[in-house]
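Use the sequences and the hints to build the structure in full.
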Amino acid sequence: MMRIFPLIGSLLLVLGIFTGCGGGAVSSTATQDSGADPILPSVPVKSSFEMIDDESFNALSEEDRIYVAKKLYSTLFKGRSLDFFKSQIDDEKFVSDFTSRLSMQTSQPEIDKILVDNSGDLDDERRRGDEIPSKKGKIVREILSRLYFTRLSSDYFSDYIAYVLNQTIMFSPAWEVESVYRFPELIMSNFNRLRDRIEAGVPIRHIVKEHMMSVENWARFRSPEDNGREMLEIWLYNFNDSDVPLAAKVLKNWRFLNHDGFSHSYSFINGIGDEENNETVALLGKELRTGEDFYDAVVNHEDFMYTVVNRVVEYFFPTFGDTEKKEITRQILKNEPTTFKELFFNIILSKKYLYESDRVKSLEETAFSLMHTIEFNAKVKSFIPIDGALTKTNQRTMTYKLGRENSIPVDTLSSSEYHRFIREYILINRDESDVYPDDDGIDFKSLSERYDVSTLDKFVNDIFLDILGRKATENELERLISYFNKTERNSGRLLGDLSQPYSRYEIVMVLLDYFSRLTELYQYRKIEGE
Amino acid sequence: MDRREFIKSTFGFATAAALCPSILRAGSSPLPLNDVEFDQNTFIGNSPQTIIIYLMGGMGEIVGNMTNLDEIVTNGLSQIEYPMQYFTSTKDGFWKEAGGDFIQSMVDDGNATIFRTCEQKDLLKAHKLNQIRFMHGNDMGYESGMVSTLMHVLNRFNAVSEDEVMVNFSMVDSNFELLTDNAVSPALPGFLKPVSFGLDSYNPFARKASATSSFQDDDLLDELSFEVNSQPGREPKIGNMFNLRKSLKEYVYKIKSTPLPDGIDYTIDGIYDRYNFGKKLEAAMRILTQNPQTRVISLTTESWDDHSNAIDQHMNRGYYLFRAIHTAMEHAKRIGKENINIILFGDFGRNLNINSAYGWDHGNNQNVMFFGGKKYFNHLGTVGETVLDERMLKVNRIYTTPSSSSYAFEPYAVASTLYKLYGVKNPEVLTGGRKEIGSGLQNAFLKIV
Chain A
1 MMRIFPLIGS LLLVLGIFTG CGGGAVSSTA TQDSGADPIL PSVPVKSSFE MIDDESFNAL
61 SEEDRIYVAK KLYSTLFKGR SLDFFKSQID DEKFVSDFTS RLSMQTSQPE IDKILVDNSG
121 DLDDERRRGD EIPSKKGKIV REILSRLYFT RLSSDYFSDY IAYVLNQTIM FSPAWEVESV
181 YRFPELIMSN FNRLRDRIEA GVPIRHIVKE HMMSVENWAR FRSPEDNGRE MLEIWLYNFN
241 DSDVPLAAKV LKNWRFLNHD GFSHSYSFIN GIGDEENNET VALLGKELRT GEDFYDAVVN
301 HEDFMYTVVN RVVEYFFPTF GDTEKKEITR QILKNEPTTF KELFFNIILS KKYLYESDRV
361 KSLEETAFSL MHTIEFNAKV KSFIPIDGAL TKTNQRTMTY KLGRENSIPV DTLSSSEYHR
421 FIREYILINR DESDVYPDDD GIDFKSLSER YDVSTLDKFV NDIFLDILGR KATENELERL
481 ISYFNKTERN SGRLLGDLSQ PYSRYEIVMV LLDYFSRLTE LYQYRKIEGE
Chain B
1001 MDRREFIKST FGFATAAALC PSILRAGSSP LPLNDVEFDQ NTFIGNSPQT IIIYLMGGMG
1061 EIVGNMTNLD EIVTNGLSQI EYPMQYFTST KDGFWKEAGG DFIQSMVDDG NATIFRTCEQ
1121 KDLLKAHKLN QIRFMHGNDM GYESGMVSTL MHVLNRFNAV SEDEVMVNFS MVDSNFELLT
1181 DNAVSPALPG FLKPVSFGLD SYNPFARKAS ATSSFQDDDL LDELSFEVNS QPGREPKIGN
1241 MFNLRKSLKE YVYKIKSTPL PDGIDYTIDG IYDRYNFGKK LEAAMRILTQ NPQTRVISLT
1301 TESWDDHSNA IDQHMNRGYY LFRAIHTAME HAKRIGKENI NIILFGDFGR NLNINSAYGW
1361 DHGNNQNVMF FGGKKYFNHL GTVGETVLDE RMLKVNRIYT TPSSSSYAFE PYAVASTLYK
1421 LYGVKNPEVL TGGRKEIGSG LQNAFLKIV
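Protein sequence lines, in the order shown, are assigned to chains A and B. Just so you know, the first sequence maps onto residues 1 to 530 in the working numbering. Just so you know, the second sequence maps onto residues 1001 to 1449 in the working numbering.
Because the hints were derived from the structure by calculation, they are not lab data. Fair warning: there could be bad hints in the mix.
[Said to hold, decoys possible] Derived BS3-like pairs: lysine-lysine, alpha-carbon spacing no greater than 30 Å straight-line: (1) B/LYS1246 to A/LYS486; (2) B/LYS1375 to B/LYS1091; (3) B/LYS1246 to A/LYS471; (4) B/LYS1208 to A/LYS361; (5) B/LYS1256 to A/LYS392; (6) A/LYS209 to B/LYS1128; (7) A/LYS381 to A/LYS445; (8) B/LYS1447 to B/LYS1425; (9) B/LYS1208 to A/LYS392; (10) B/LYS1249 to B/LYS1279; (11) B/LYS1246 to A/LYS392.
What follows is the structure, encoded as structure tokens:
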């Protein structure tokens, strides 16, 4: 049974988030996230949506605390070791420390040197060849590597939100659309503009208006009728076909042209020229004449914020029924979020999400959180197969015209590809960089030294907790330990002989392989709560 | 709850309710399976195998129907003038440059029927909304894709047994409304759940060896994981994949290693077309021809949503799609499989006005195409006549609509046709009253075996 958290507690918590004083200094154990500086207070928000705080988090069982902490990190594509989480939990300030990290700016100049697409603009000739997918791949890898290597911080939170929104119907750059395909640089400009605006605290309404009027949005929705229809549907849930010609009329001097199909340039006509509409039309309860009038009317419409919030709720709660999602939307709207950071804080720190969401994880959530957890030795090349796996699992990033499905595809082929990637490229991938300097993978020897070797039970349970966020079941313990105690390594020593370093890390190898076969690795689970 | 709240709670489609309240009934109404009458003899006699190709985004109706183009050109109705050098009509009015020759060839061979008057009665033209209702084959709130509905019917009447394998196949790029299964409790049993498959150079269901050579007991981990994965709260579709993985691995090896009949080649000089239509159709045909227990294969194409540069895009995409279908029909003919059919439909047709971005915006009327299946289809060539919808011309839209004397139907009738083909005597109980396509035509389309 969940306890009702007092309104004032939530309010203080959220105020703390935005003033950077939610939980004091960053934990000394948080070396990966250190070096952050507090930022000035941002827009405070009210809160009645029940959010987690230190008190409610500390009331959970130890195993649930570890799971919730891992879920929070995984949601943000991050992960940490069991020791880190235990230390945070012992300090009893996990939530406030976490939220303060997300409100602090960090300086990581090295990020710009990790993987940057410096291949320049594509000229006409290069666009005709195979360089378009190659260019797109470089852009995607730059964004993915930036997400992977940037520490939890205010900057990172902006990157993360922009990335998630770029997967949705709202902001997808829609690379699959023919008119975007030839200009993959629009993916990067779409992402950067959104990220920058989020980090600057620009209100949602302003961000969306600017987005609707951008070349990136027009490359995706290219004709006045197409753009008008989709803006009504996407931002207002307005499916009234008779409104579409009216929108098209005020947008008549807007369009995106790339009509020879091979040109390296495009024409974006954004409301300039002598074709401008001269008659007012009655639409969305207003008298409109120009395209900008239309976009203003959309973002100021009474259904606008409901639609935005509901679309983000759909992303995070795809397994919930419509009635419940509507109620969550209503609760969030009571808090009057005006920025995307406020909106995302409301969701990811809610008990509803942390305790009850059981959605299938995106590949980024599974892969990045595992890689961080096991301290995967990631290299520039590591992001090539990740991009490939996103395609094979039908989770292509920033590609679909209508955004990714909110429910991650789990048909047999997609989920088999998902499993294969997580298993082969991450969990059984040995780091042999001592022999091949450019190799990536896991240093199993180092990883195995994390765990309690006092007994085989403890050793196995530690690995389970570290990776899955739960202990092994009795059946798992019995059968696995029985196997370890009867199986000889090549040296003739038993796998279960923990005095032998090789035995320890081979057990880790076997268990990581086992975890790759468990549905729960790819899915969040519910917990009972306080 | 007020009406607005209700609408948002069900679909979130505020103004849609005013236009089509019937689609906004509470979702997940139970499918009326008890009302279905099923004829086992028809099912066995037809022994149909179907490839459903859903045209995401909506293909331009001009691909299969150029009969109104002259009027548009002569009267200068399009915002942008039609570049007629790219628009050659075949003798039955198919767009030659967009694969029309292949369609014409199949029509001439008595192996295709092109219904030109599939018109939705309301004006809702949102992609997702139409995908949901047309792939579900109803507007009654039954959240069940037409393929899932068919599987439930076959299961209820014991038309297929648990020994059958890979009954329901899919080759789709994401979650797919044809396969939604929320209207019957319990959901489909494992052997009728969709299985997806690809024709890549590697086997997607094979596994690399463990990281450690000391580990030799792969089965232990599989057995243990099957037990854990079957516990409540675990996503059953992922668990289903793990359960099926080994058999799928063997199946993929078998399917890929069997040679195609002489002269059947889905590639162009050894390379699949850029849209992978040939690759998908080859995989589908390999499955159907080697496994008679596979009843339905659901397949998508890339989007046809060409709001700009539509002519070039449609020509290329259409050419390769109908080339692949033509090859598949030749493949079936070569081995005497008259029980294999292909059904083609989508979100809507695209209207015929070339807009200021040189594209076609959403339309209303569309073609529904049937290929193959001579065993139970009495192919009629082209059916239905269209005229321009005068009401729409004033807003830069050139819609067609069935002529007053023409046969016409709504997209839901595609589902009825599928059900009828597989033995459902009264498919209209599953589709909100819509009967199968061809019902009422002077020349019967469906031969009930």
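Output the indices of the hints that this structure fails to meet, ascending. Of the numbered hints given earlier, the structure breaks none, since each of them holds.
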